[in-house]
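Chemist: Read off the chains here:
Protein chains: 2
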Amino acid sequence: MTSVKFDNQAFRQALGSFTTGVTIITATAPDGTPIGLTANSFNSVSLDPPMVLWSLAKTSLSVDAFNEAEHWNVHVLSQHQQHLSNTFAARGEDKFKDITLDNGISTAPLIPECSARFQCRNMVTHDGGDHLIFIGEVLDFDQQALPPLVFQQGQYAMTARKPWEEVNLSSEPSAPQCSYNEDLLGYLLGRSHFQMLFRMRKLFDEQALEDSHFFVLSVLNIQQKMTLEQLNTHIEYTGHLLSEVDIDFLTNQDLIERLTGGCYQLTTHGRETSLHHIAQAKAIEEELIAELGAGDVMALKLMLKRVIHKTDPGLPDLWQEQQS
Amino acid sequence: MTSVKFDNQAFRQALGSFTTGVTIITATAPDGTPIGLTANSFNSVSLDPPMVLWSLAKTSLSVDAFNEAEHWNVHVLSQHQQHLSNTFAARGEDKFKDITLDNGISTAPLIPECSARFQCRNMVTHDGGDHLIFIGEVLDFDQQALPPLVFQQGQYAMTARKPWEEVNLSSEPSAPQCSYNEDLLGYLLGRSHFQMLFRMRKLFDEQALEDSHFFVLSVLNIQQKMTLEQLNTHIEYTGHLLSEVDIDFLTNQDLIERLTGGCYQLTTHGRETSLHHIAQAKAIEEELIAELGAGDVMALKLMLKRVIHKTDPGLPDLWQEQQS
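Sequence lines, in order, name chains P and G. Note that the working numbering gives residue 244 to position 244 of the first sequence, counting from 1, and the numbers run on in steps of one. Note that the working numbering gives residue 267 to position 267 of the second sequence, counting from 1, and the numbers run on in steps of one.
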């Protein structure tokens with residue numbers, strides 16, 4: 001029976017549909033050199049005895065060293081270890097040079113701040129075509145509540161977890177006679193935004209502030225000094241335009257003050273007010289992180305940034321230092 | 001050397017940090033019965049020859065049948081096959097009864113509408129503790145552009161992919177002296193919402209409509225008939241309250257009409273206008289799907305729904321049929 005030969009790229013791409021985490025596998029070479037490489041071919045095998053496996057290309061420079069190693073460690077990388085994934089996926093230099101290793105039960109290097117780690121004894125290897133399959137017994141493991149790094153279709157990714165119960169807003173989520181339903185992205189973005197803002201309005205109401213005033217105070221919190229015209233370049237896309245009436249109101253409330261030259265800046269009271277608003281926004285966010293999970297909120301933010309990039313009408317950079 | 005015995009639950013949980021796709025593996029038992037089960041222990045092994053592996057608990061009822069099967073198929077499930085994942089993870093009844101199978105190159109059942117499929121010849125099995133490791137040669141494969149189902153920490157999930165270049169909005173994304181930066185969730189939600197809406201305002205401007213008018217027309221598009229008071233229960237959380245002036249304006253523009261009893265409904269022109277708005281919102285969404293990927297936008301929507309659930313101030317159900 002002759003073996004099948006596929007278009008390698010198409011085959012790789014099809015395999016890439018199967019999502020995986022990202023691991024770094026480490027060991028110590030016979031000469032004492034620490035070795036390590038990035039692999040997504042890891043998987044669990046057995047619970048009792050605890051066993052895991054991964055596979056390594058026979059052409060890898062490290063294949064002999066891993067073959068001779070008595071122990072190896074598997075590190076399930078967290079989201080903030082993407083740079084390590086890149087380092088250990090490349091050849092050359094000392095990959096461990098910036099890492100302060102933890103002490104493990106063997107001489108195999110143990111990298112800190114992973115989502116999970118498995119310290120293994122090499123049990124057996126099996127032939128796997130152009131790869132070698134390593135099977136190890138897990139001697140020790142640990143886990144941290146850090147969102148794991150994910151790999152899919154040749155790209156890094158984050159996960160947005162699905163609760164076991166379906167998430168529906170309406171009791172009739174797919175009313176077929178309607179021209180739109182709760183799945184319209186614009187609806188979901190608007191409702192999320194306004195519900196978040198709704199929870200802040202109690203604060204605004206205490207000072208009779210409107211949404212646009214909150215936006216202006218926030219902009220001045222970052223940018224310090226701005227003319228009315230400059231302020232409006234930052235907020236007009238929200239549909240609000242700040243008028244002289246608004247400026248007078250904010251001035252009378254001792255929230256902003258006019259400088260010579262026509263610029264406005266926050267007063268001490270204005271800065272305190274704005275910091276109070278932002279603290280409230282952060283508190284709502286912290287609550288959501290506690291309820292939805294840090295990794296999921298991180299994934300949400302990533303997607304929002306990508307949406308913002310694609311729909312940006314050319315807003316000025318709020319955080320860029322102003323030319324004066 | 002005695003084998004280590006861990007707290008099974010803690011060990012499972014640590015293994016769950018490693019994200020995986022979800023597969024269904026199928027074969028035909030010696031008596032001709034189709035068999036299949038859900039597994040996330042799949043992984044690629046070799047490109048040339050093309051080989052994959054997965055493992056199965058030795059206590060599984062299907063272990064003998066798979067062991068004797070000459071062929072088995074691996075199905076990488078797509079997001080909309082979560083119900084199949086559940087069906088094939090459970091014991092009992094005829095799991096295939098609602099599936100119209102495709103024709104494959106062997107007698108092993110071939111399930112349609114997966115993200116990818118690998119039709120394999122069973123090559124060898126290896127002992128893996130309480131599991132048996134199946135290694136197969138891939139004889140054929142195919143792939144469809146369907147977002148894959150993901151599993152992490154005992155939960156289904158979706159992925160939000162990270163572009164290779166980091167996504168930053170500002171050239172100074174982490175300005176340390178600022179009280180908030182572009183990572184504030186409230187900022188990202190607001191900016192996404194308003195940028196989407198900004199692209200619709202050209203349409204509103206043609207008819208001198210304000211955002212709140214768009215909201216009202218959208219509500220009436222779904223709910224047909226409402227009093228001013230009822231309309232406001234749907235939109236007041238946006239910070240807008242519809243006044244008699246707005247009602248007069250919309251009536252004069254022939255967008256809504258007053259019925260006896262104090263309810264308002266869309267006129268023919270109003271309905272056309274609203275459908276035009278929604279078509280525009282859908283067009284923006286389609287553009288985003290084309291640029292960001294269907295799976296990523298799906299993940300974004302899931303997360304937004306979860307945020308909406310957690311921050312819902314008790315809004316009335318927009319899609320629920322009204323009591324009359």
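Source of the hints: derived by calculation from the structure; they are not laboratory data. Where a beta carbon is used, it is the ideal one built from N, C-alpha and C, also for glycine. Any given hint could turn out to be false.
What follows is a list of derived Cβ distance ranges for each label pair [claimed, not checked]:
# : chain 1 : residue 1 : chain 2 : residue 2 : range
1 : P       : Ala29     : G       : Asp31     : 44 to 54 Å
2 : G       : Asp248    : P       : Glu244    : 45 to 55 Å
3 : G       : Asp248    : P       : Glu257    : 37 to 47 Å
4 : G       : Asp31     : P       : Pro30     : 47 to 57 Å
5 : G       : Lys310    : P       : Ala90     : 40 to 50 Å
6 : P       : Glu166    : G       : Pro316    : 15 to 25 Å
7 : P       : Gln265    : G       : Gln265    : 42 to 52 Å
8 : P       : His80     : G       : Gln265    : 25 to 35 Å
9 : P       : Thr233    : G       : Pro112    : 27 to 37 Å
Chemist: Would you mind marking each hint as holding or not holding in the structure?
Modeler: Now for the hints, and whether the structure bears them out:
| no. | hint | result |
| --- | --- | --- |
| 1 | Ala29/P - Asp31/G: 44 to 54 Å | holds (52 Å) |
| 2 | Asp248/G - Glu244/P: 45 to 55 Å | violated (28 Å) |
| 3 | Asp248/G - Glu257/P: 37 to 47 Å | holds (40 Å) |
| 4 | Asp31/G - Pro30/P: 47 to 57 Å | holds (52 Å) |
| 5 | Lys310/G - Ala90/P: 40 to 50 Å | holds (41 Å) |
| 6 | Glu166/P - Pro316/G: 15 to 25 Å | holds (21 Å) |
| 7 | Gln265/P - Gln265/G: 42 to 52 Å | holds (50 Å) |
| 8 | His80/P - Gln265/G: 25 to 35 Å | violated (53 Å) |
| 9 | Thr233/P - Pro112/G: 27 to 37 Å | violated (53 Å) |
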